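Protein sequence lines, in the order shown, are assigned to chains B and S.
The first sequence begins at 1 in our numbering and counts up one residue at a time.
The second sequence begins at 98 in our numbering and counts up one residue at a time.
One should not assume that every hint holds.
As the list claims (entries may be wrong) - Some chain B residues near chain S, calculated using beta-carbon distances under 7 Å:
(1) LEU6
(2) GLU9
(3) ALA10
(4) GLN13
(5) TYR14
(6) ILE17
(7) ASN21
(8) ILE84
(9) GLN86
(10) PHE87
Keep in mind that the hints were calculated from the coordinates and are not lab data.
Small disclaimer: the values here were computed from a predicted structure and weren't measured.
The beta-carbon is built from N, C-alpha and C at its ideal position, and this holds for glycine as well.
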Amino acid sequence: MTVLNLEDEARLQYSRILWRNPRTRRRLLYVWEHPEHPHRERFEENRALVVGLLEVADPQAYVESLEPKKWSLRTLTREIPSVIWQFWDESAKLSAQ
Amino acid sequence: MPRRELKHPAQIEQWLADWGRRLKAPGGMILIGSGALLWHAAQRGIEIPLPENSMDVDPITHDDEVAELCYEGHIGSPFELENGWHINLMPDGALDGLPSGWRERATKKNYGMLSVEVPAPNDILAPKMRRGEPRDLAHQQWALYNGLISS
Numbered sequence: 001m002t003v004l005n006l007e008d009e010a011r012l013q014y015s016r017i018l019w020r021n022p023r024t025r026r027r028l029l030y031v032w033e034h035p036e037h038p039h040r041e042r043f044e045e046n047r048a049l050v051v052g053l054l055e056v057a058d059p060q061a062y063v064e065s066l067e068p069k070k071w072s073l074r075t076l077t078r079e080i081p082s083v084i085w086q087f088w089d090e091s092a093k094l095s096a097q
Numbered sequence: 098m099p100r101r102e103l104k105h106p107a108q109i110e111q112w113l114a115d116w117g118r119r120l121k122a123p124g125g126m127i128l129i130g131s132g133a134l135l136w137h138a139a140q141r142g143i144e145i146p147l148p149e150n151s152m153d154v155d156p157i158t159h160d161d162e163v164a165e166l167c168y169e170g171h172i173g174s175p176f177e178l179e180n181g182w183h184i185n186l187m188p189d190g191a192l193d194g195l196p197s198g199w200r201e202r203a204t205k206k207n208y209g210m211l212s213v214e215v216p217a218p219n220d221i222l223a224p225k226m227r228r229g230e231p232r233d234l235a236h237q238q239w240a241l242y243n244g245l246i247s248s
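If we strip away everything but chain B, and leave its shape as in the complex, we get:
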């Protein structure tokens, strides 16, 4: 069982909450897929794993189910790209669509 620090826990908790609403999911993806996001390519490499983490009911059980055993909840949580606030503010225009 991995204990996350508050920063990692907040990233996981609020990414999962915002992901479940299609509108806010679009905003997250606008940020994470932005050509200037420094971790865009890394996100693309691990996208399926990250999306799984955001959508499963039990993140800890999800990580433990992955093969090969290379991830912990902490390390996979850190694959959720950070929110670059400039891009987040830009993504507000998506809300009106």
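Following the hints, put chain S in place on chain B, whose structure we already have.
This is chain S only, laid out in the frame that chain B set:
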């Protein structure tokens, strides 16, 4: 430009009332930290400002619309430019620092669509007292002076 940090109890009430009007669906938050102390003061009609002004508020939510509003209030955001303080969205784990049974002592209030739950002043102050920095002690003294807690 005059200083616009968070120090007046009425600032918390105005912020929550505004968000309660903006929500399109019911949403909730738990408020901790110095913003929560200001909330208690506002409920008692206290106008004495908080010493050692705060730069942020610390809400916790499970609702996407509330979380989105909190993201809009990130550090350096237009929200902060307007208000002088920002939203520091906290995870559930932040509640682990409160004394056990805090929920039984908490207070709830609705602002339109927004339901706000605020731990009791003594519970809010418990993590601050463990940290014990001068600013935390000043907030404890302010709470004592204003009758939010008893000695």
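Here is how each hint holds up against the structure:
1. LEU6: Check passed: Cβ of LEU6 of chain B comes within 6 Å of chain S, closer than 7 Å.
2. GLU9: Holds: closest Cβ of chain S sits about 4 Å from GLU9 of chain B, inside 7 Å.
3. ALA10: Holds: closest Cβ of chain S sits about 4 Å from ALA10 of chain B, inside 7 Å.
4. GLN13: Hint on GLN13 of chain B: holds, closest Cβ of chain S at ~5 Å, below 7 Å.
5. TYR14: 5 Å, holds
6. ILE17: This hint holds: ILE17 of chain B lies near chain S, its Cβ roughly 5 Å from the closest one there, short of 7 Å.
7. ASN21: 4 Å, holds
8. ILE84: 10 Å, violated
9. GLN86: 9 Å, violated
10. PHE87: Since the shortest Cβ distance to chain S is 12 Å, the answer is violated.
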